[in-house]
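First to last, the sequence lines map onto chains A and B. Start counting at 1 in the first sequence, then tack on 337, and there's your number in our numbering. The numbers in our numbering rise by one with no breaks, and the one at position 33 of the second sequence is 20.
Keep in mind that the hints are not guaranteed to be accurate.
As the list claims (entries may be wrong) - Distance condition first, Cα-Cα at most 16 Å in a straight line; then the derived EDC-like pairs of lysine to aspartate or glutamate: (1) A/Lys642 with A/Asp593; (2) A/Lys567 with A/Glu353; (3) B/Lys(-4) with A/Glu474; (4) B/Lys67 with A/Asp373; (5) A/Lys497 with B/Asp28.
Hints listed in this document are in silico derivations from the structure and should not be mistaken for laboratory results.
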Amino acid sequence: MRDVAIIGIGCTKFGELWDRSFRDLFVEAGVSAIEDSGIQGEEIDSLYVGNMSGGRFVEQEHIGSLIADYAGLASTLNVPATRVEAACASGGLALRQAILSVASGYDNVVVAAGAEKMTDVGMDTATDALAAAADREWEGIMGATFPGLYAMIAKLHMHKYGTTSEQLAAASVKNHHNGTMNPIAQFRNEITIDTVLNSNMVADPLHMFDCSPISDGASAVVVVAADIAKKYTDTPVYVKATTQASATISLHDRADITTLDASVVAGQRAYKMAGMTPDDIDMVEVHDCFTIAEICAIEDLGFFKKGDGGRATEAGETAIGGRIPVNTSGGLKACGHPVGATGIKQAVEITEQLRGTAGKRQIDGAQVGMTHNVGGSGGTAVVHIFSRNR
Amino acid sequence: MTVARFWRKIPNRYNLIGTHCTTCGKHYFPPRTMCPTCRRDGKMEAHKFQGKGEVVTYTVIHTAAKGYEMQAPYNLAIIKLDEGPSLTGQVVCGQEEMEIGMRVRSVFRKLGEESEKGMIYYGTKFVPE
Ligand SMILES: [Zn+2]
């Protein structure tokens, strides 16, 4: 297998973008990634697109062709475009497919993009579309919602480990703080623990401010064979690991409800592939669709012992300047969560950090970063490790 | 869900009929046609569960799922059946009665409805034992 590098990144602003269409969004992200990379359209061998539910959100399937077409890659260049779906992990999975196609030697230059336009439908339709990431026949039909599933994880985490609502809230407060420094973030305002605790209860113990928002947005990266990366940029970001793991789609079928087995396994596979340990990681973008998801992620990925995630977060160990900065972008909570785009945006953030261009969010001396993208309540996890050094 | 999709599994939903692998002895609910442990070597047969178990974890849902708005707030739990498998289901009792580890038993109840189609879904819920 060949080494692979990221040489270009692009991202739209995330948020409720009423005046922008689905196609406007991915064209903007794709064009900025291509411009950033310095490649020409003629050089693109293929395109992978993460999109969870175009059919429900914008009543559009066949997203691959649409994106290739409106990005100017279809009518004369006929670039192959493949849509990839794994619920909220669609973006991470699209990136992984792009990396694999270059690593295999089949392609040299590939664009991985992610896009979701969620605010063209009402809140109830959006919520129902997201609920399709769980088992419709045996979770959804019983009245389970997405926040409800993660609330059950939180309830047991509190019961077993003494995690508190304040500790969960601390993840949200920290991510909002990071979001204030990120120009693309949906929310750029500071909040307090009380903001979270006083917000409406969605599913006990999760309040509205424990939940990531409904968002519009798109992001893209250009990946190439590492051997040609320096032709385009002085600061390629090398892919040290791309891994993926499946677990049961239903939360109730997991051996331990407070552990996302797919995250544990994808993480272990990534450390092995990169020849690294959690101590080698300078910052990580984790899938905080809910505050409890961030707590579980930092435990499941080996940064903290199971049960210690809440206390560590409250103590500031995951803040910028802390032991292991988590979600410098603001995470899904503050940066926003246009589901198909999220996994790609995580790679965009780590690339900024490794290039040293993350502005006020910059981690001093960042050398190695990780991304962690989850589908559903943990049926799929995708993990990447990136480095400044080949 | 469509009518056909729901009706197909009515015996399982109404009577808690899952499956039992006679090769390894494991019980499954929801039903599966392939045993995840034995895979192709497993021999599956239908198995009716007693409907008794304990609450592994729970939540009180305030923002309801589509079709469940009239029931909110409602208790949703993961219940470990005495025969082994766990499932997701509602527990009909006061919020303050909910507790991790509490014993519950199954009852037949309305699950939810789809206003536009007039469909009412029935199935299994749980009450404190
Ligand atoms: Zn078996």
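So, going through the hints one by one against the coordinates:
1. A threshold of 16 Å between alpha carbons decides the hint, and for lysine 642 of chain A with aspartate 593 of chain A the separation of about 15 Å falls inside it, so the pair holds.
2. About 37 Å separates the Cα atoms of lysine 567 of chain A and glutamate 353 of chain A, which puts this hinted pair outside 16 Å; it is violated.
3. Under the criterion of a C-alpha separation no larger than 16 Å, the hint pairing lysine -4 of chain B with glutamate 474 of chain A is consistent with the structure, at around 9 Å.
4. Between lysine 67 of chain B and aspartate 373 of chain A the CA atoms are separated by roughly 53 Å; this puts the pair beyond 16 Å, and the hint is violated.
5. Taking the CA atoms of lysine 497 of chain A and aspartate 28 of chain B, the gap is about 37 Å. The hint is violated against a cut of 16 Å.
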